[in-house]
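Go ahead and model the full structure; you've got the sequences and the hints to work with.
Sequential numbering from 486 applies to the sequence shown in the working numbering.
Do not take every clue at face value.
Listed next, with one range per pair, are the computed distances between beta-carbon atoms [unchecked claim]:
| # | residue 1 | residue 2 | range |
| --- | --- | --- | --- |
| 1 | Thr699 | Arg878 | 51 to 61 Å |
| 2 | Arg693 | Ala533 | 40 to 50 Å |
| 3 | Ala709 | Gly613 | 48 to 58 Å |
| 4 | Gly735 | Asp638 | 29 to 39 Å |
| 5 | Ala820 | Gly686 | 23 to 33 Å |
| 6 | Val527 | Asp771 | 31 to 41 Å |
Calculated from the structure, these hints are not laboratory results. Built from N, CA and C at the ideal position, the CB exists for glycine as well.
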Amino acid sequence: MRTRHAARTRAALLTGRVVAGASRRAGQGTGSVIGGRASLLVEPDLLATLARGQRVALVSATNGKTTMTHLLSAAVRAADPAARVATNAEGANMGPGLVAALGATPDATTAVLEVDERWLATVLADVGPAVVVLGNLSRDQLDRTQEVRTIADGWRDALGRLPTHAVVANADDPLVTWAADGAPRTVWVAPGPLWTLDAGGCPSCAGRIEFTDTTWRCRSCSFARPDPDVWLDGNDLVWADGRRLTLDLGLPGRANRANAALVLAAADAMGLDVDAAAHALRSVRDVAGRYRQADVGGADVRLLMAKNPSGWQEAIDMLRPAPVPLVAAINARIADGRDPSWLWDVPFEHLTDRFVVAVGDRKHDLAVRLAYAEVEHAVARDLIDAVRLLAERAADGVDYLGNYTAFQDELDEVGR
Numbered sequence: 486m487r488t489r490h491a492a493r494t495r496a497a498l499l500t501g502r503v504v505a506g507a508s509r510r511a512g513q514g515t516g517s518v519i520g521g522r523a524s525l526l527v528e529p530d531l532l533a534t535l536a537r538g539q540r541v542a543l544v545s546a547t548n549g550k551t552t553m554t555h556l557l558s559a560a561v562r563a564a565d566p567a568a569r570v571a572t573n574a575e576g577a578n579m580g581p582g583l584v585a586a587l588g589a590t591p592d593a594t595t596a597v598l599e600v601d602e603r604w605l606a607t608v609l610a611d612v613g614p615a616v617v618v619l620g621n622l623s624r625d626q627l628d629r630t631q632e633v634r635t636i637a638d639g640w641r642d643a644l645g646r647l648p649t650h651a652v653v654a655n656a657d658d659p660l661v662t663w664a665a666d667g668a669p670r671t672v673w674v675a676p677g678p679l680w681t682l683d684a685g686g687c688p689s690c691a692g693r694i695e696f697t698d699t700t701w702r703c704r705s706c707s708f709a710r711p712d713p714d715v716w717l718d719g720n721d722l723v724w725a726d727g728r729r730l731t732l733d734l735g736l737p738g739r740a741n742r743a744n745a746a747l748v749l750a751a752a753d754a755m756g757l758d759v760d761a762a763a764h765a766l767r768s769v770r771d772v773a774g775r776y777r778q779a780d781v782g783g784a785d786v787r788l789l790m791a792k793n794p795s796g797w798q799e800a801i802d803m804l805r806p807a808p809v810p811l812v813a814a815i816n817a818r819i820a821d822g823r824d825p826s827w828l829w830d831v832p833f834e835h836l837t838d839r840f841v842v843a844v845g846d847r848k849h850d851l852a853v854r855l856a857y858a859e860v861e862h863a864v865a866r867d868l869i870d871a872v873r874l875l876a877e878r879a880a881d882g883v884d885y886l887g888n889y890t891a892f893q894d895e896l897d898e899v900g901r
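As structure tokens, then:
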């Protein structure tokens with residue numbers, strides 16, 4: 486029986502490689518997802534089989550999960566040089582993508598996997614006990630995905646009944662706190678409040694959550710931010726047992742400091758040397774094309790991606806100082822969510838000190854929003870056209886900020 490199972494596993498992996506290869510040759514992307522689907526048709530239990538015996542970390546969040554997965558993978562490799570790490574570095578984060586990632590590294594000893602929020606319970610049930618890292622929950626593509634409270638309730642149910650080694654959770658996000666509260670072992674990390682507009686209602690009693698600069702609590706019940714085990718103090722990460730280290734990151738912005746705080750707490754929960762892990766984070770400067778700098782029409786263009794209001798707020802914080810101009814790209818395809826009304830929740834008013842060029846399928850929707858924010862702007866056909874328009878303003882470079890498919894289109898243009 487064991488031999489038969491091994492043969493089916495080999496057949497499943499071979500099928501996936503053949504299908505993925507055909508997809509690549511046809512110019513249909515990397516082929517990882519369709520290859521994983523083919524493998525699962527041959528062996529539905531393949532994810533559990535491939536993960537068996539590995540040290541596993543699962544990373545989930547609305548924003549930042551790809552970045553945290555890259556950072557944690559780098560941390561594991563630095564802190565445990567003997568480890569062979571399997572990871573879905575390009576962000577294919579549902580079952581087929583995870584199977585493809587694990588199948589690509591058959592001798593892996595550690596799996597660091599980004600997991601779509603809706604898939605977390607299913608994946609955790611398959612891979613067995615894991616360190617689970619929970620970053621944040623906010624609105625994202627609600628025309629095709631679940632409301633964030635439904636996701637939080639699903640996480641809470643899964644973490645209360647499925648085995649974990651530890652849950653590393655963002656204590657400054659009430660929805661994440663609600664989800665992680667029932668886990669047997671939770672490491673509470675306080676990276677500082679970022680986006681709070683989606684967590685105003687208490688998930689425990691439906692009362693009102695009250696936020697301050699440093700904490701939160703429900704006005705009507707006892708639900709409140711837990712005392713953190715790890716927290717950010719400026720650029721220092723501090724543990725309740727007295728340990729302290731200074732973050733020196735290769736990635737910009739306060740959101741990435743928050744990501745790094747969760748990653749290093751996870752590395753600690755995995756038993757890794759935190760100093761070695763922290764040192765490794767300096768070397769991560771490009772996350773699946775994000776933060777890359779490219780020459781476009783002779784201009785130095787830095788590529789950023791954000792897909793929802795909370796992500797855009799944090800990405801705006803990462804822009805180079807004004808008056809460096811911005812090219813903002815908005816599509817509304819299936820992978821983005823068809824409804825672009827979320828643009829009205831983005832604080833574009835923070836861009837009044839720079840010139841913005843709107844591009845993408847929904848550039849005119851964006852232009853209307855920029856007009857109401859009183860941001861000086863123009864509309865262009867694409868990034869190349871925008872750079873031409875900005876020729877006299879681009880001496881210090883141009884920042885490009887696009888949502889998901891707009892960003893992927895641009896990566897195809899400049900080269901992955």
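Comparing the hints with the structure gives:
At about 39 Å, the beta-carbon gap between Thr699 and Arg878 misses the expected band of 51 to 61 Å. Separated by about 42 Å at the C-beta atoms, Arg693 and Ala533 satisfy the suggested range of 40 to 50 Å. Under the hint 48 to 58 Å, the C-beta atoms of Ala709 and Gly613, about 32 Å apart, miss the expected range. A beta carbon spacing of about 36 Å between Gly735 and Asp638 agrees with the range 29 to 39 Å that was offered as a hint.
Distance hint check for Ala820 and Gly686: the Cβ-Cβ separation is about 28 Å, which falls inside the suggested range of 23 to 33 Å. Checked against the hint of 31 to 41 Å, the pair Val527 and Asp771 passes, with Cβ atoms roughly 35 Å apart.
Checked against the numbered hints given earlier, the structure breaks hints 1, 3 and satisfies all the rest.
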